[in-house]
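Enquirer: Residue strings, one per chain:
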Amino acid sequence: MTMYNLTTDQRVDKALADNFLRQATRRATDRLRNNKYKASDELGNWEEWRNAGETIRKHVIANLDFYLQQLIEQMEKRGVHVHLAKTPADAVGIVRNIVREHDAKSVLKSKSMISEEIHLNHALEEDGAAVVETDLGEYIIQIAGEPPSHIIVPAMHKTRQQVADLFEPIAGHALSSDTPTLTRFVRIQMREQFLRGDIGITGCNFAVANTGSIVMVTNEGNGRMVSTLPRVQITLMGMERIVPSFRELDIMLNLLARSATGQRLSSYTTILTPPKKSADSDGPEEYHLVILDHNRSEILGDKLFRTALNCIRCGACFNVCPVYRQLGGHAYGSVYSGPIGSVITPLLEKDWKKWGHLPYFSSLCGACTEGCPVRIPLHDLLVKLRMRKTQSGHTPQVEQQIFKAYRYLFTREKTLRRALRLGAHLQRPFVRNHRITGGPAPLSNWTKSRTLPMVAPKPFMQIWADLNNKR
Amino acid sequence: MKVSLFATCLTNAFYPEVDLTMAKILKHLGHTVDVPEGQVCCGQIAFNSGYVDDAREVARTLIDSFERSEVVVGPSGSCIAMIHHYYPTLFEKEPVYLKKAEDLIHKSYEFTQFVVDVLNKPDLGAHYKAKATYHPSCHATRLLGIGEAPLKLLQHVKGLELLPLPEAQLCCGFGGTFSVKMPKISEAMVAEKAEHVLTSGADILLGLDMGCLMNISGYLEKINKPVKTMHIIQLLGEGMKS
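In the order they appear, the protein sequences are chains A and B. With the first letter of the first sequence counted as 1, position 307 gets the number 463 in the numbering used here; the numbers rise by one all the way through. With the first letter of the second sequence counted as 1, position 155 gets the number 264 in the numbering used here; the numbers rise by one all the way through.
Keep in mind the hints are simulated off the structure, nothing from the lab. Do not take every clue at face value.
30 Å max Cα-Cα, derived BS3-like pairs, lysine-lysine [said to hold, decoys possible]:
| # | chain 1 | residue 1 | chain 2 | residue 2 |
| --- | --- | --- | --- | --- |
| 1 | B | K136 | B | K202 |
| 2 | B | K290 | B | K136 |
| 3 | B | K136 | A | K604 |
| 4 | A | K459 | B | K337 |
| 5 | A | K233 | A | K459 |
| 6 | B | K238 | A | K570 |
| 7 | A | K614 | B | K350 |
Derived coverage of chain B by chain A (criterion: at least 3 residues anywhere in the stretch with Cβ under 8 Å from a Cβ of chain A; other residues may be distant) [what the hints assert, rightly or not]:
| # | segment |
| --- | --- |
| 8 | 116-125 |
| 9 | 146-155 |
| 10 | 262-268 |
All C-beta atoms, glycine included, are put in the ideal place defined by N, C-alpha and C.
All chains should be modelled from the sequences, with the hints used to inform the complete structure.
Expert: Following this line, the structure appears as structure tokens:
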């Protein structure tokens, strides 16, 4: 996980210097974004769909205790083992124990962001289990030893040639980088793995509370294999990932598929109501549901940030974000990147030292808020995070002083006039051709890549006063 | 109508001609113009950086200075959006100022919005022969919902050929303090914006927020590309002289 050892600045530099990554990211996000526009426009009343999505999510989050209880009752009634994990370490411990108990040698995984959030793979591998990511994108980054760069397209930053290079040592021979060759190679690998799997681990896009069903959407069908072949299955879910019933599920699946990839429905929507019944020909006999809290309860109780839990992990905010577009996901340093990652990571991890940079990975242009299918005011939440960081004293002293000075001057217009006149004098050493081209930091942060106009010899307020003979 | 100008802190200090031209245009349209004393800034720079208490005091000064105004007009979508969108939360615990903030919200407009939507004067009789493109600033577009107003003003300028700007919806990378706090990311963003401006084939880049224009023009100058940038107000002002 080399990205994690770099500083924020180093990660940004690395990303900006990587033209492959930047081109791949721009191309992929453009495609996803344009597909989304098509899929949302064709409904004719997308804004109403967004309203419905927002209403459902807000209702679920406001009544989360009730729906969680209902889900758990439904599951336990049928013999599902439900585990509540307070922390990522708890969740890892629970999964580890299940794997040990069954002496599992091979663990198959379909895509799960929770497993990334709790850093599961590493722990299982330490115990000697072979962990196989069966989602193509996850498989690629597993081989590369990298975290995902996008929540729904984890290997977005890789080109076909880079993927072929990664696969070659496993294939033991040269591979051409065309898509059919690469997918055929993975398909053959996966077939064998699927048949060998002792335990299947899946994520969960939605859990239906009143029926106790788990809903997964995939585009490769791997989720379906992982949830039918192994005898034991573990599903990992964040505690907020609930819909009340199939009625709401219908709306949420539309919003998710259309926003994520521009599909009307994902290629595979798998609905499991576990465990396997005696008449079923396949499916897991033993089923574990691990529900992760990881400070979500705290976010739920925090009225400033509660809406962050409304997210359905579609990735639409990534695909319209001009910052993500330039950097890709790794520069953020977090498992969840993009606008929603910048919002939830500091809230989940509660560590300003490590994650305090994230709320500033945004120009506050509002494209994320506009793109969100459940109307999370993402850029407002980023400002609120900056506010919380400031109020808890975690911003630099210099910055605090600058804003004290700002407050003093910008509440005293006449004093500001004098300050501006002084500025007009002080700028002289840095002026070339009527532009400021140098200067000390933080001014130099601007002038390194841009010219700055001169402070006008007379500010407008003075010009106006002079014109009207006022002082 | 008696119109009070909101000379934003940026134009006041760096581009006084934008404020001055705005006053001239409004006078030309037959309105009385005043510039209430004491006004400085909407407070956005502190607010967006998380310094809410500092932002509130700056906002309070602005609210006070426009207390007796009938209508307030400013040359920036971003500053007006700050008032409209964030003053209610800024003063949520102060009923007296919340009321005053709401008054200001109801009577304040961005310039193009005011001229087109309120005064219904999309044709100012301006002539300006040039090929131009228009950057729709994020806050004006996404927070104030300004879409057509600036375009209507520009479509009525005789001689002006308006060319489409590719990927126009992308932020230019200014973002206020973002540009100095995250300078490398900001530079990458403005570099892409400049690339699209150059692709458009325009000789002039137009906009309604000097922050964004200062950013884009600063970058274009640094890389020696001769695309001129102008606030719509500046172009209209020039065009109305002839």
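Enquirer: Give a verdict on every hint.
Expert: How the hints compare with the structure:
1. Only pairs whose Cα atoms come within 30 Å are accepted, and B/K136 paired with B/K202 is rejected, the gap being roughly 39 Å.
2. The suggested pairing of B/K290 with B/K136 is violated, with an alpha-carbon distance near 40 Å, which exceeds 30 Å.
3. Our distance criterion of 30 Å between C-alpha atoms is broken by B/K136 and A/K604, whose separation comes to about 40 Å.
4. Between A/K459 and B/K337 the alpha-carbon distance is near 46 Å, which puts this suggested pair outside the 30 Å criterion.
5. For the proposed pair A/K233 and A/K459, the alpha carbon gap of about 34 Å is over 30 Å, so the pair is violated.
6. Under the criterion of a C-alpha separation no larger than 30 Å, the hint pairing B/K238 with A/K570 is inconsistent with the structure, at around 40 Å.
7. Only pairs whose Cα atoms come within 30 Å are accepted, and A/K614 paired with B/K350 is accepted, the gap being roughly 23 Å.
8. With 8 residues having a beta carbon nearer than 8 Å to a beta carbon of chain A, the segment 116-125 of chain B meets the requirement of three or more and the stated coverage holds.
9. Check on the segment 146-155 of chain B: 8 of its residues sit with their Cβ under 8 Å from a Cβ of chain A, so the three-residue criterion for coverage holds.
10. Coverage of the segment 262-268 of chain B by chain A is violated [criterion: at least 3 residues with CB-CB distance below 8 Å; count 0].
The structure fails hints 1, 2, 3, 4, 5, 6 and 10 (numbered hints given earlier, in ascending order).
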